[in-house]
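Student: Next come the chains, spelled out residue by residue.
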Amino acid sequence: MRMLTEKFLENVADALDIFNEEREISLDPRVIFLTTIFLTIFFSFNKRIWVSILGILLSLLLGIILNVKLVRLLKLAGLLALFTTIITLPAIFIGSGDGLYLNLVIVDVWVSLEGIFSAFSLVLRTLAAGMVSAVFLSYLGWRNIIIALRGLHVPAKLVLMVVLFMKLLPIQIRLFARRLFARESRLLTKSLRNLWFFLASILGDMIIFSEYFALRLALGLRSRNFDLSVELDYKYRMGPKDLLLLVTCVVFVSIFSVI
Amino acid sequence: MEPIIEVQNVSYSYGGEIVALENVSIKVPKGSVTVILGPNGSGKTTLLLICAGLLRPQKGKVLFEGEDIFTSSRNVRSEIGIVFQDPDDQLFNLTVYEEISFGLKQLGFSREAIRKRVEEIARKLAIMHLLNRNPFKLSYGEKKLVVLASILATNPEVLILDEPTANLSNYYREKITEIIREYKKVEKTTIIATHDEIFGLENADHLYLLNSGRIVAGGSVVDILREPDILEEVGMSHPKKILEKLRRILNIVDT
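So the sequence lines, in the order shown, correspond to chains A and B.
The first sequence begins at 1 in our numbering and counts up by one.
The second sequence begins at 1 in our numbering and counts up by one.
Just so you know, these hints were derived from the structure itself, not from any lab.
We put the beta carbon where it would ideally sit given N, CA and C, even for glycine.
Any given hint could be a false lead.
To list a few chain B residues with every Cβ distance to chain A over 10 Å, as calculated [to be verified]:
1. 89
2. 105
3. 150
4. 205
5. 221
6. 250
Per label pair, the in silico range of CB-to-CB distance [said to hold, decoys possible]:
7. A:120 - B:119: 31 to 39 Å
8. B:1 - A:202: 33 to 41 Å
9. A:74 - B:1: 42 to 50 Å
10. B:119 - A:194: 51 to 59 Å
11. A:196 - B:133: 35 to 43 Å
12. A:74 - B:242: 28 to 36 Å
13. A:154 - B:133: 32 to 40 Å
14. A:194 - B:169: 34 to 42 Å
15. B:128 - A:65: 27 to 35 Å
16. A:7 - B:174: 34 to 42 Å
Next up, chain A with everything else stripped away, as it sits in the complex (with noise of 0.2 Å):
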């Protein structure tokens, strides 16, 4: 159990470190991150199954190309996957048309084609615009992410906050881990309810110290001379190579709405 616990959460704090990487880019961060934007609300919106399952195509393909780590990609798309998976499940109850009524011993309940139907574009839609925006922000990384916000004029407190955001997340679920693991340690009894309040009470705990992590984090990113206005000397060219881009997505973006 304990083995099972740690390495979900270690994978998903892996998984959510695939924003900290860095690179050096040869485009405008800026067309990047407007790229990134365009592309996720296509994917968003997008209602076709067909559609999504090019994404999540499009999107290993521009891994591979762009040099993503994709087992932190497919690790990513895993927990939207499974995520997703459970907030969309109810949707299966829900609608008419054909379908089929499970007998439940206690309950019988109708599963709906439709529902099903609802359910798994939902969650192939998610995944879709999740992976393809997770693609580019990975090949921009957290200081081009910073760099492309402050170019297109987002206030530097929202910035600091995304960046706090992107590097305290991964950071606390491997505390969160080790926190529980603590408790764990001190457990003198077998019994499951027992178990399951105590090892819950752990969410109050990381609720109420996040804002002393996150204080910690910014002194630590202060302390090593991390200052927005440093990042401002980045000089933004825009070249044929962001125009190209640019265009491209806007050319299928087109052609997919109107197939």
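Dock chain B against the given chain A, drawing on the hints supplied.
Tutor: Below, chain B alone, put in the same frame as chain A:
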């Protein structure tokens, strides 16, 4: 000697309730090793964070070469490097290489200059083999050296170390002592906060004793050692007492 950092009548409290520092004044001479000695919870970390310009005192001033650290137009922060007590608070990159190069990137160094500097520092601290490792998965001592390397990489004028020897084995302790001595050789300044009296007395040029947020005494190591009661007052042991304890242990071994 001219002070490089001067703390003038500084007071600080957390949430307006817990008083961490009360009317503290210290002078840190340029090129010296200044040690702040005090028991746990005496306010040492708060004083260091204020000296580094990371915490703003509610009362008093902090001067860096005569200029107010919080209002100066100079980029004072880049001239002061601080190593926190807990290395986990300062590690946030995916590899040791990225950790060490983080500060250099902020200061706008070229890629080649960064590589050279990172390798130079890693070699000095004998952590070349860790450069591609994930810093979160290192041992405590290794993490501490990585943070120290990341701060030394930017070559700050003042190096601030918070409890540098806490929970460290002798190997890492010696390594840190070596760095402090090298720093002094090139006439750079070091401020150390510690509750390890032997380490403090061994390295200090100037010593301040801090207790319950107040400076109890200050001066050279000889001045402090001449008055054993002062050390006792802040819960520290005089080296003579430590020696007595060691003798007793050795006697047991001999008999």
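Student: Would the least Cβ to Cβ distance between residue 205 of chain B and chain A come out above 10 Å?
Tutor: With a cut-off of 10 Å, residue 205 of chain B remains clear of chain A, as the shortest Cβ separation is near 24 Å.
Student: Honestly, do residue 119 of chain B and residue 194 of chain A meet the 51 to 59 Å range at C-beta?
Tutor: holds (53 Å)
Student: Is 34 to 42 Å respected by the C-beta to C-beta distance linking residue 194 of chain A and residue 169 of chain B?
Tutor: Given a distance of about 39 Å, which is inside 34 to 42 Å, the answer is holds.
Student: Is it true that residue 128 of chain B and residue 65 of chain A lie within 27 to 35 Å of each other by Cβ?
Tutor: holds (33 Å)
Student: Mind checking the hinted window 34 to 42 Å against the Cβ distance between residue 7 of chain A and residue 174 of chain B?
Tutor: holds (38 Å)
Student: Classify the label on residue 150 of chain B as holds or violated, using whether its beta-carbon is more than 10 Å from each beta-carbon of chain A.
Tutor: Not fine: 7 Å to the nearest Cβ puts residue 150 of chain B too close to chain A.
Student: Holds or violated: 28 to 36 Å for the Cβ distance of residue 74 of chain A and residue 242 of chain B?
Tutor: violated (57 Å)
Student: Looking only at beta-carbon atoms, does the pair residue 120 of chain A, residue 119 of chain B fall within the given range of 31 to 39 Å?
Tutor: With Cβ atoms ~52 Å apart, the hint is violated.
Student: Are all C-beta atoms of chain A more than 10 Å from that of residue 250 of chain B?
Tutor: holds (38 Å)
Student: Any Cβ of chain A at or closer than 10 Å to residue 221 of chain B, or is the non-interface label fine?
Tutor: holds (28 Å)
Student: Taking C-beta pairs only, is residue 105 of chain B more than 10 Å away from all of chain A?
Tutor: Non-interface label on residue 105 of chain B violated, nearest chain A Cβ at 7 Å vs cutoff 10 Å.
Student: Can you let me know if the beta-carbon spacing of residue 196 of chain A and residue 133 of chain B is within 35 to 43 Å?
Tutor: holds (37 Å)
Violated hints, in rising order: 1, 2, 3, 7, 8, 9 and 12; the structure is consistent with all others.
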